[in-house]
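Given the structure of chain A, go ahead and fit chains B and C onto it with the hints provided.
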Amino acid sequence: MKYDIVIGLEIHVALLTESKFLCSCATAFGAPPNTQCCPVCLGLPGALPLVNEQAVEYAVRAGLALNCEINHFSRFDRKNYFYPDLPKAYQITQDVFPICTNGYLEYYIDDVLRRTTITRLHLEEEAGKLVHSSGSIVDSEYSLVDYNRAGIPLIEIVTAPDITSPRQARLFLEQLRLLMLYMGVSDTKMEEGSLRCDANISLKPAGSTVLGTKVEIKNLNSFRALERALEYEAARQSRVLEQGGEIKQESRTWDERSGRTLSMRSKGDAPDYRIFPEPDLPPLRLEPDWVFRIRETLPERPLERLHRLEESYGLSRYESTFLVNYADFCQVFLELAEEGEDNTDLANLLMGDYARLAREQGHLEPQRLAGLLQILQEGLITHNQGKAVLEELFKSPLSAREIVKEKGWEVLKDPAQLKGVVQQVLTANSELVERYRGGEEKLWGFFVGQVMRTVQGKADPQMVNELLKGELTQKS
Amino acid sequence: MRRLAELLQSKQISSTEIVRGCLERIEETEPVLNAFITVDEEGALAQAAAADRRRAAGEPLSPWDGIPLAVKDNISTSGLRTTCASRFLRNYTPIFDATVVERVKRAGLPIVGKTNLDEFAMGSSTEYSAFGVTKNPHDPLRVAGGSSGGSAAAVAAEQVPWSLGTDTGGSIRQPASFCGVVGLKPSYGRVSRYGAVALAPSLDQVGTLARKVEDAAILFSLIAGADPRDAVSAGAPGFPVPVWDDTVVRGLRVGVPEEFFSSGLNEEVEKAVKRALQNLADQGAVLQPISLPTNEYAIDTYLTLVTAEASSCLARFDGVRYGERVEAADANTMFAKSRGAGFGHEVKRRIMLGTYVLSASHYEAYYEQAQKVRTLIKQDVARAFQEVDVIVTPTTPTTAFKIGEKRNPLEMYLSDLYTATANLSGVCALSLPCGVDSQGLPIGLQIIGDHFGEELVFQVAHAVEESVGRGTGSEV
Amino acid sequence: MIDRQDVMRMARLARLELSEEEIELYQRDLNSFLVSGRKLQQVDVSKVEGTSHAVAVIGELRPDVVGESLPQEAVLGAGPQVFNGFFKVPRIVEGQE
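Protein chains in written order, with my numbering: chain A, 1120 to 1595; chain B, 3 to 478; chain C, 82 to 178.
With a Cα cut of at most 20 Å, we get these calculated EDC-like pairs of lysine to aspartate or glutamate:
(1) K128(C) - E298(B)
(2) K339(B) - E1260(A)
(3) K408(B) - E103(C)
(4) K169(C) - D1258(A)
(5) K339(B) - E102(C)
(6) K120(C) - E370(B)
(7) K169(C) - E326(B)
(8) K169(C) - E154(C)
(9) K339(B) - E101(C)
Partner residues aside, some chain C positions facing chain B, computed with beta carbon under 10 Å:
(10) L99
(11) E130
(12) A135
Cβ-Cβ distance ranges computed for the label pairs, FRET-style:
(13) G158(C) - Y1227(A): 51 to 61 Å
(14) D332(B) - A1474(A): 49 to 59 Å
(15) G227(B) - T1328(A): 54 to 64 Å
(16) D84(C) - E30(B): 49 to 59 Å
(17) F1148(A) - E389(B): 57 to 67 Å
By construction, these hints were calculated from the structure, which means they are not laboratory data.
Note that the structure is a prediction, hence the values are computed from the model and not measured.
Ideal Cβ positions, reconstructed from N, Cα and C, are used throughout, including at glycine.
In isolation and in its complexed conformation, chain A is listed as follows (with noise of 0.2 Å):
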């Protein structure tokens, strides 16, 4: 039997906020253990909470640009666990009344623009980071306890359950982070666990309206998890079915090592978490100007972005979907495309080895960048030796113009001097010009070789051409 695939995705989004949800801690990554700490994010007894404005403003943005209903009640509540890395053995959320609700992302799968449904965007705190004393949690005897990370803001984003492959889940979460990272809300490195994705995943008979049972698969801390992970799991499923089995409700987790989704031991009752309305915080009431203001302020989404690369500066998808990728490409783009350089060579400068350097290097000033284009419009050089000065751009700190004065990289103007080099070399072979004129054209590629060795590539090829088709067929 054929199945269709039903995925849905929630998606953790750490806030880039400088301190914490809930106290005035800092976020910063990295610090020794136990160093951004007090006594609201330990939980410590007597302390109490109180909600960074910050947080709620990118909540909001993030809500916005997911195309969100944005909610001008909402109301905190606590979600009851015991967790070594939860201070307060409860968890600060929003469960019954979300910040943002009933939204949707828009992406290109291909050529084809599709569209997710986001169910629901809400608030809450992040738990602190175990340790576990062989690295992993199954088989350690003793875990440790950093509360650095714990009470930083989180946004938890839910899809509906209309994705349809694992490819595309793929898509939608890249185009989720990238969202996140232009509205400015989240660094979004899913290596250091700023963004998270958890996936559910059911099975159904090709064209049913009836979902199947679903299965939770954690700890995708990559796209390339993500996708695989849920490759591997439509698989089992639909092997399972196949064999007249049942798919078991249940939490997975991705195994990177073995490629396989392992099932969580699941001992006990299902959770009950117990959630009730946070009595320590009164509920978030928004001002309707205040959602406005950040609306009209909103920075430009990727999607846009893409269709004005396109349509203003008439680039490829292709090179659109380069350049909202990589903002910072993009930004230099926008600053020389604006000075009216060549829309397509500058894209194809910054996507070629310009890319390359610039990741091991970091940017050129863009100013830098236009100095090496104009000389390449003036003809000054030829693209091959523009290459060998983009390296060296990126070492010195002269202009590409003082680069090829310096290197003496010009490329050789004078037809008469040029035209004497082509006559040296057709005179230094002349058998092989006879076989030439005897139709053994491949040969000509030689000609322009030798002629470009002897002036060390520093001649414009178009006019090697010219000059080698104007000798060889005027003597004939």
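Using the frame of chain A, we list chains B and C on its own:
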């Protein structure tokens, strides 16, 4: 206290002398009373010496600089052990001051020690303390009431001039009534809860106990007002000590709820309260029979909400960051053993109840239902305050009962029958002595005022105190 | 009626190790509480919303400014078991409620 302040001001007495007097009195009476868990002799004397130096330099922090107080042992004091009368916290020393402690320190009040209570303020007799029962100064075979039994007994026995307590369902007013002192439960949000160890955050308030109405008002003036660290105190006004004007009683509309004078009310208590009411009428007050029909449900509502919130608030006591830990091979067993050994019966009972009413299958029937009944109770009270200025009732159905007399927990909970309504509806209420019964045990009168109506409550209490003081209200 | 299983389940959820005596005691207490809880269920609440906060306040939000954190010694000071700047806990067994 004004006299004491004058004596201090005119250097006829020093703070050190007052504190020494308290310490002597404590030494003399403690073996019987057991009002304190911790007496901080050294700290109190050091603070007194500092107060004396300020007086000598002519720079007292306030008129009350140097007048000592006692603090209930569920209110955090930096560097001074704060046990909540629990075995779990018997060695816990906070690293921060509660806001109310910070405020009394800022006014120069030395802290003599930390007073006994029912463990985590769960009780009405101070029998449920891991540090022994506090005895009633009027009869050591009887309870002091609770949970602020230590704070009430210490004031009644003149161990200290005044004290701080907490009140979630009657925990200041009921022991004040039993011990014959004045006790105020402020309006919800009027006093910061920061640093007071939570029992039920939607009901808890810190309040004052003293032998005289004016003293309770003065101490209240030092702690009242918004605190940026307690979100629900936003917008709370401060409280200037009133200029006493007993003519406020003239034309005052005094609500007398019939439900508070029905079966279960001890006859002598009823008589004393009615006599005080008659006195008010004689002074020109208009007694208005009113009805608070939902008060019948106050205890059940209170019990449901308080156990639910407490089960969550006490979850943080897991043995990871502080408190007494019982080692075990895995974290969950360590949690369960530490909590099982660290908590007393009543605490465990309430955690069990609270867990039950919040659990998924009972939430709606119990917890949510109680929240809705709470709304009805609030509406009843709000309706009453449209017709009357204050509501006057007995504080408790009986005078102090014998130690060990109430074995059935539900019977114990009925002690809060007349007091819980003020917590559920968030209004303020004060208990003051209005006579004694045939055994010489104090009888308390409760004056309930509207939200933030403390000024009027104090004025009325002052008038009642004057009339009782003139001998018209007391049998002895 | 609350049976022994219910009591055990609540105890597990609340992480309370109970003695045999306590299990019986709390089973009895929970049952007598149900009587009181049922009394509330008789009340007609069809026209009201629940009260979750004693007073309806507009909460003030905190500006996003970093304040002082505690020194590590103070954070760990009350910890029953600490190691190398961390709190130490025994083995974590996943999957319990």
